[in-house]
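Enquirer: So you can see what is in the structure, the chains are spelled out below.
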Amino acid sequence: MASPSKEMLLDWYRQMVLIREFEETCHRLYEEKRITGVYLHLYSGHEASGVGSMAALRPSDHVITAYRDHGIALILGMDPGAVMAEMMGKKTGSSGGKGGSMHLASAQHNFWGGYAIVGGHLPLAAGIALEARYRGSDDVTMTYVGDGATNNGYFHESLNMSSIWDLPVVWIIENNGYGMGTEVDRASGQIELHRKAEAYGIKSLGRVNAQDALEVYAVATQAVDYARKHGPVVVEHVTYRYRGHGVSDKQYDAREDMSAELREWMECREPIKILRDQILKKHKGAKAILAAHEEDARRIVKEAVEFAEASELPNSYQELFQNTYAQSNLVHKTDMSVGAGID
Amino acid sequence: MAVRNVAMREAIRRALQEEMRRDDDVFVMGEEVAYWQGTHRVTRGFLEEFGERRVRDTPISEMAIGGVAVGAAMAGLRPVAEFMTINFAFLALDAIANHAGKVRYFFDGMFKVPLVYRAASGWGNQATASHSHSPEPIFAHFPGVYVGCPSNSMDAYGMLKAAIRDDNPVLFTESIALYPKPGPMPDDEDTDYLIPIGKGDIKREGADVTLVAYARGVDWALQAARQLAKDGVEAEVVDLRWLRPLDMELVYSSFKKTNRCVIVEESLPMYSFGSEIAALLQENMFDYMDAPIKRVAAEDVPLPYSKEIELLALPDAQKVADAVKEIV
Ligand SMILES: Cc1ncc(C[n+]2csc(CCOP(=O)(O)OP(=O)(O)O)c2C)c(N)n1
Ligand SMILES: [Mg+2]
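Listed in order, the protein sequences are those of chains A and B. If you're matching positions, the first sequence starts at 126 in our numbering and goes up one per residue. If you're matching positions, the second sequence starts at 24 in our numbering and goes up one per residue.
Calculated directly from the structure, the hints in this document are not laboratory data. This one's a predicted model, so the numbers in the text were calculated from it and none came from an experiment. Cβ atoms here follow ideal geometry from the backbone N, Cα and C, with glycine treated the same way. Mixed in with the good hints, there may be bad ones.
If you only want the chain B side, here are some residues facing chain A, beta carbon under 10 Å, derived [said to hold, decoys possible]:
1. Phe50
2. Glu54
3. Pro82
4. Leu114
5. Tyr275
6. Glu322
7. Glu333
In silico BS3-like links for lysine-lysine, alpha-carbon gap of 27 Å or less [said to hold, decoys possible]:
8. B/Lys330 x A/Lys158
9. A/Lys216 x B/Lys330
10. B/Lys204 x A/Lys375
11. A/Lys398 x A/Lys409
12. A/Lys427 x B/Lys330
13. B/Lys226 x B/Lys279
14. B/Lys253 x B/Lys280
15. A/Lys375 x B/Lys330
16. B/Lys280 x B/Lys348
17. A/Lys158 x B/Lys204
Far from chain B, some chain A residues (derived; all Cβ distances over 10 Å) [what the hints assert, rightly or not]:
18. Glu132
19. Arg153
20. Ser220
21. Ser231
22. His234
23. Gly245
24. Leu249
25. Arg311
26. Glu323
27. Lys427
28. Tyr442
29. Glu444
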């Protein structure tokens with residue numbers, strides 16, 4: 126089993142506290158109406174799932190996910206200022222303000238984006254992996270998918286195709302117990318979600334306690350190695366969403382026993398605390414470094430907010446229409462709309 | 024008829040509830056419709072009143088929601104299947120266009136398909152490109168399916184009841200922006216207040232220009248009409264209510280009086296409601312036409328997240344008034 130170095134563990138801690146600080150700040154900014162809109166799905170509680178699994182990747186590998194995408198973006202090293210500016214729809218945002226919270230991406234980091242239609246990104250993942258297989262590269266595509274999305278046709282068609290074409294995809298099912306307000310067992314006949322792999326002849330590495338970054342990492346290294354050498358593989362991460370489904374869907378978090386359930390996860394399975402204890406057990410002297418990472422996270426996010434708020438909103442027709450199409454000189458343009466021809 | 028003011032969401036809820044009380048074959052299915060009372064609160068209280076047999080939560084499986092409704096309807100039930108938003112009905116387009124709308128035809132009348140698809144529609148509030156559609160015309164493209172798009176509580180109430188009682192598949196869209204809008208609706212329980220499928224309505228009379236609209240576009244047209252009246256221009260507002268079948272007789276009779284027309288819609292401009300009405304007007308009303316037909320729609324672009332450019336893309340009352348001023 127791969128055993129991560131002290132430097133790696135400290136870096137995971139840095140990533141996890143940065144995500145938590147970023148997400149909790151987003152939550153506060155939304156309440157203060159400094160982030161607007163209707164969709165903002167936070168990764169608080171999920172940190173170890175992303176951090177532990179992406180630590181198994183190399184820079185040339187690929188990553189794609191759904192709308193709960195802020196954490197993934199930060200783990201990959203996207204600039205928190207550009208990510209925060211995207212939340213606010215600013216010109217300086219990573220997608221120029223066009224995409225918002227659900228559509229972060231970074232070509233430079235091989236991050237193929239967050240997608241808002243449940244399951245819609247799964248065939249894209251298979252396509253990205255197809256490119257690698259096609260050109261003979263052994264880069265893998267790490268793909269995150271929710272428990273709810275495993276009941277959607279996109280999931281089944283994509284898994285099957287990845288199987289018959291031996292596509293190098295690591296399918297990570299982030300099982301946080303719910304799709305909006307629906308518990309896994311009210312939505313899926315097979316409640317061991319990783320076993321859906323069996324139907325398509327895909328290898329499953331089973332269920333992982335995804336609040337423990339070390340455990341996540343151990344399985345992810347095997348999964349990535351398998352995908353590189355052979356083809357698709359499925360891992361199920363058991364995790365929990367601390368901030369409910371999303372900021373405008375509070376009704377789904379109102380169930381009576383939900384607050385007790387949430388408290389139980391936060392007290393007994395808190396991913397940052399688990400990692401912290403693991404680090405301090407082995408490296409007693411690391412305390413100061415952990416504190417410095419916490420301090421840095423606060424400063425970085427504060428600066429990100431300042432940068433985002435000081436940036437301008439796009440406000441022209443030119444910006445509205447820009448990038449509807451690639452610039453094309455093969456098209457005979459008779460389009461009468463306002464933005465036609467602008468690029 | 025005694026009336027009272029309720030939000031459009033409540034009028035829809037009441038219509039559905041009364042139809043379920045009236046007919047045990049009517050049932051609802053969709054994401055979060057039961058336990059969580061509906062994402063838009065339209066099925067609030069239904070699970071408690073009707074139980075799990077008739078109020079069914081589904082997985083996130085739109086293809087199956089679309090097709091299960093067809094099978095159940097063919098077999099004799101009267102499903103009301105909800106798409107959480109119309110954006111997700113694209114995943115069910117095959118079931119809707121190829122099966123709901125065609126099994127009666129390709130089996131030459133052997134089966135009927137008495138179902139209703141309900142879908143929350145429209146855009147705004149920075150919902151972003153893939154969650155910002157008002158694609159009613161896409162669904163109205165296919166013969167075999169009716170499409171209803173109410174603009175207020177009373178119409179929503181009467182139209183949904185008619186849709187549920189009809190033996191054809193109906194796609195019924197509900198503008199998210201109109202859900203909280205209050206308006207009168209019948210006050211008495213178990214009323215047979217039905218608005219026939221395909222019947223439009225004059226929402227305001229005027230002799231100078233005809234504004235043709237549906238759903239949220241009707242509000243923009245009415246606001247524009249009030250603004251234009253201050254400048255001495257009297258606009259007639261035709262609410263078509265159904266995109267299929269289209270009440271063109273109503274449009275023609277208005278147009279014969281005004282000889283001018285602006286078509287208002289929330290959807291995209293190409294291959295649209297506006298294109299269809301304008302084409303029919305020039306084919307059939309050429310002799311009455313005193314000015315070019317104008318269309319006000321969303322800009323021809325995917326919807327951005329950022330709020331100011333999102334507003335640039337959205338039609339509004341001012342854009343309607345401006346279009347009228349170009350032709351009167
Ligand atoms: C095709 C489609 N149907 C419905 C929705 C609405 N919706 C958005 S997220 C969601 C729940 C998804 O749950 P899950 O896959 O478990 O991911 P999680 O939010 O828990 O991360 C639903 C139903 C959607 N965006 N797309
Ligand atoms: Mg989930």
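Enquirer: Taking only the CA atoms, is the gap from A/Lys158 to B/Lys204 under or equal to 27 Å?
Expert: Holds, at about 23 Å.
Enquirer: Is the Cα-Cα distance between B/Lys280 and B/Lys348 27 Å or less?
Expert: It holds: about 18 Å lies between the C-alpha atoms, which stays within 27 Å.
Enquirer: Is it correct that the beta-carbon of A/Glu132 has no partner in chain B closer than or equal to 10 Å?
Expert: A/Glu132 clear of chain B: closest Cβ-Cβ about 37 Å, beyond 10 Å.
Enquirer: Taken at face value, is the distance from the CA of A/Lys375 to the CA of B/Lys204 at most 27 Å?
Expert: Holds, at about 22 Å.
Enquirer: For the pair supplied as a hint, A/Lys398 and A/Lys409, confirm whether the alpha-carbon distance does not exceed 27 Å.
Expert: holds, 15 Å
Enquirer: Is it the case that A/Gly245 keeps its Cβ farther than 10 Å from each residue Cβ in chain B?
Expert: Contrary to the label, A/Gly245 does not stay out of reach of chain B, its closest Cβ about 8 Å off (not over 10 Å).
Enquirer: Hint check: is the beta carbon of B/Tyr275 less than 10 Å from a beta carbon of chain A?
Expert: violated, 26 Å
Enquirer: Check the non-interface label on A/Arg153: least C-beta distance to chain B beyond 10 Å or not.
Expert: It holds; A/Arg153 is separated from chain B by about 18 Å at its closest Cβ, greater than 10 Å.
Enquirer: The hint names B/Glu333 as touching chain A; please verify it with the least Cβ-Cβ distance against 10 Å.
Expert: For B/Glu333, the interface hint holds, since the closest Cβ of chain A sits about 8 Å away, which is under 10 Å.
Enquirer: Confirm or reject the statement that A/Ser220 sits farther than 10 Å, beta carbon to beta carbon, from all of chain B.
Expert: Its Cβ does come within 10 Å of chain B, the nearest being 8 Å, so this is violated.
Enquirer: Is the nearest Cβ of chain B still more than 10 Å from the Cβ of A/Glu444?
Expert: Answer for A/Glu444: violated, closest chain B Cβ roughly 6 Å.
Enquirer: Please confirm whether A/Arg311 is truly not at the interface, meaning its C-beta sits more than 10 Å away from all C-beta atoms of chain B.
Expert: violated, 6 Å
In summary, the numbered hints that this structure violates are 1, 5, 20, 23, 25, 28 and 29.
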